[in-house]
Amino acid sequence: MDIINKTIEISTKGETDIVDITGEVQKLFDQAALNKGLCTVFVPGATGGVSTIEFEPGVVRDIKDALEKVAPREAFYSHNTKWGDGNGVAHVRAALMKPSLSIPFSGGALSLGTWQQIVFMDFDTRPRQRSIVVQFIGV
Amino acid sequence: MDIINKTIEISTKGETDIVDITGEVQKLFDQAALNKGLCTVFVPGATGGVSTIEFEPGVVRDIKDALEKVAPREAFYSHNTKWGDGNGVAHVRAALMKPSLSIPFSGGALSLGTWQQIVFMDFDTRPRQRSIVVQFIGV
Amino acid sequence: MDIINKTIEISTKGETDIVDITGEVQKLFDQAALNKGLCTVFVPGATGGVSTIEFEPGVVRDIKDALEKVAPREAFYSHNTKWGDGNGVAHVRAALMKPSLSIPFSGGALSLGTWQQIVFMDFDTRPRQRSIVVQFIGV
Numbered sequence: 001m002d003i004i005n006k007t008i009e010i011s012t013k014g015e016t017d018i019v020d021i022t023g024e025v026q027k028l029f030d031q032a033a034l035n036k037g038l039c040t041v042f043v044p045g046a047t048g049g050v051s052t053i054e055f056e057p058g059v060v061r062d063i064k065d066a067l068e069k070v071a072p073r074e075a076f077y078s079h080n081t082k083w084g085d086g087n088g089v090a091h092v093r094a095a096l097m098k099p100s101l102s103i104p105f106s107g108g109a110l111s112l113g114t115w116q117q118i119v120f121m122d123f124d125t126r127p128r129q130r131s132i133v134v135q136f137i138g139v
Numbered sequence: 001m002d003i004i005n006k007t008i009e010i011s012t013k014g015e016t017d018i019v020d021i022t023g024e025v026q027k028l029f030d031q032a033a034l035n036k037g038l039c040t041v042f043v044p045g046a047t048g049g050v051s052t053i054e055f056e057p058g059v060v061r062d063i064k065d066a067l068e069k070v071a072p073r074e075a076f077y078s079h080n081t082k083w084g085d086g087n088g089v090a091h092v093r094a095a096l097m098k099p100s101l102s103i104p105f106s107g108g109a110l111s112l113g114t115w116q117q118i119v120f121m122d123f124d125t126r127p128r129q130r131s132i133v134v135q136f137i138g139v
Numbered sequence: 001m002d003i004i005n006k007t008i009e010i011s012t013k014g015e016t017d018i019v020d021i022t023g024e025v026q027k028l029f030d031q032a033a034l035n036k037g038l039c040t041v042f043v044p045g046a047t048g049g050v051s052t053i054e055f056e057p058g059v060v061r062d063i064k065d066a067l068e069k070v071a072p073r074e075a076f077y078s079h080n081t082k083w084g085d086g087n088g089v090a091h092v093r094a095a096l097m098k099p100s101l102s103i104p105f106s107g108g109a110l111s112l113g114t115w116q117q118i119v120f121m122d123f124d125t126r127p128r129q130r131s132i133v134v135q136f137i138g139v
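These protein sequences, in sequence, are chains X, E and R.
So for the first sequence, the numbering used here puts the first residue at 1; every next one is plus one.
So for the second sequence, the numbering used here puts the first residue at 1; every next one is plus one.
So for the third sequence, the numbering used here puts the first residue at 1; every next one is plus one.
A couple of the hints might just be wrong.
Cross-link-like lysine-lysine pairs, in silico, DSSO-like; alpha carbons within 30 Å at most [stated by the list, open to error]:
#, chain 1, residue 1, chain 2, residue 2
1, E, K64, R, K69
2, E, K64, R, K27
3, R, K13, X, K69
Derived from the structure by calculation, the hints contain no laboratory data.
Given these sequences and hints, build the entire structure.
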């Protein structure tokens with residue numbers, strides 16, 4: 001049984017920038033050369049999240065619209081009254097989306113659907129450099 | 001340490017069909033005959049999700065009502081303008097609910113609460129045949 | 001490879017009480033004395049959730065406000081018409097937030113960001129005694 005921890009480094013634009021990281025995860029998975037086990041994707045930080053979507057511009061747009069209903073950019077945020085970074089909206093969206101995703105793999109392939117991509121969501125209100133943790137446990 | 005990957009095959013009605021899969025997961029867990037470790041439930045596909053609820057008709061109804069607030073069935077979805085399947089609502093709900101769930105087990109039992117069932121949520125707008133991935137890592 | 005299952009016992013106030021459990025998880029992690037692997041935090045029960053946030057009173061307030069939009073405390077819940085506990089709101093919030101969180105670790109440290117704390121969210125409408133499951137798989 002092997003445990004392999006890697007990171008993906010990406011630049012984001014912020015403001016709920018939804019980035020397809022499937023290719024980077026797949027590349028690390030290929031390098032790990034494991035047959036079956038569990039892949040965990042984790043965002044270290046309180047203003048980002050991870051999920052899966054069919055990555056096309058319409059879905060990306062629709063997700064942003066839905067999050068705008070739950071945590072609007074222009075709403076009042078208590079966080080902003082105490083801290084100068086003004087990114088209360090990012091903290092709320094990240095808390096609700098959560099930072100982890102678990103993807104089993106077997107037969108040397110991640111168990112993703114054909115139209116299912118892994119996305120990092122950067123909710124912060126400014127461009128960021130991000131390190132996303134990708135871990136493989138398996139044989 | 002064993003890694004066991006299985007699938008559950010189910011038929012769903014779509015339109016946020018919330019299906020109790022606890023019995024099927026428990027059956028696979030019993031067959032795996034493991035004592036302690038981690039169970040991962042994963043939905044391969046971008047229009048379904050997995051969570052836990054007290055499975056009774058009232059809660060099921062209430063969850064549908066809450067999702068209707070965040071991603072209403074009759075809203076405008078950009079996804080629908082480009083793709084003919086008209087299931088933008090399903091993509092948004094699935095992205096927010098996410099496709100994975102992790103359940104530790106020990107003493108030969110899943111760590112679920114007494115009134116806590118594992119549910120697959122099919123957000124697609126039509127009936128579907130679904131394969132849900134269930135993985136056990138443990139001893 | 002070791003698998004270590006522990007529980008954290010906490011008292012909560014209910015009504016979306018958001019409790020920082022990072023210290024307790026870290027203490028169990030230190031006792032486990034593992035170098036690399038996966039930490040899973042799991043809520044056994046259908047009225048609680050787990051996520052990560054920058055734990056400060058403003059963010060806590062803002063998350064409660066966002067959940068109030070999706071599942072208001074004073075809304076109608078079908079669950080409440082059948083069951084006497086009147087906590088339909090808690091069931092919906094828990095279903096949406098989900099009960100599990102996965103945190104990789106390596107180099108003897110959890111992969112949390114500097115301003116990222118692990119929180120248990122008790123959505124029930126009354127004070128509760130809670131056991132949170134914390135599992136470490138690793139070497």
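Status of each hint after checking the structure:
Pair hint E/K64 plus R/K69 holds up; C-alpha atoms about 15 Å apart against a cutoff of 30 Å. Using a Cα cut-off of 30 Å, the hinted pair E/K64 and R/K27 is violated, with the two alpha carbons roughly 39 Å apart. For a cut-off of 30 Å, the pair hint linking R/K13 to X/K69 stands: about 28 Å separates their Cα positions.
Hint check: a violation occurs at hint 2 only; the rest are consistent with the structure.
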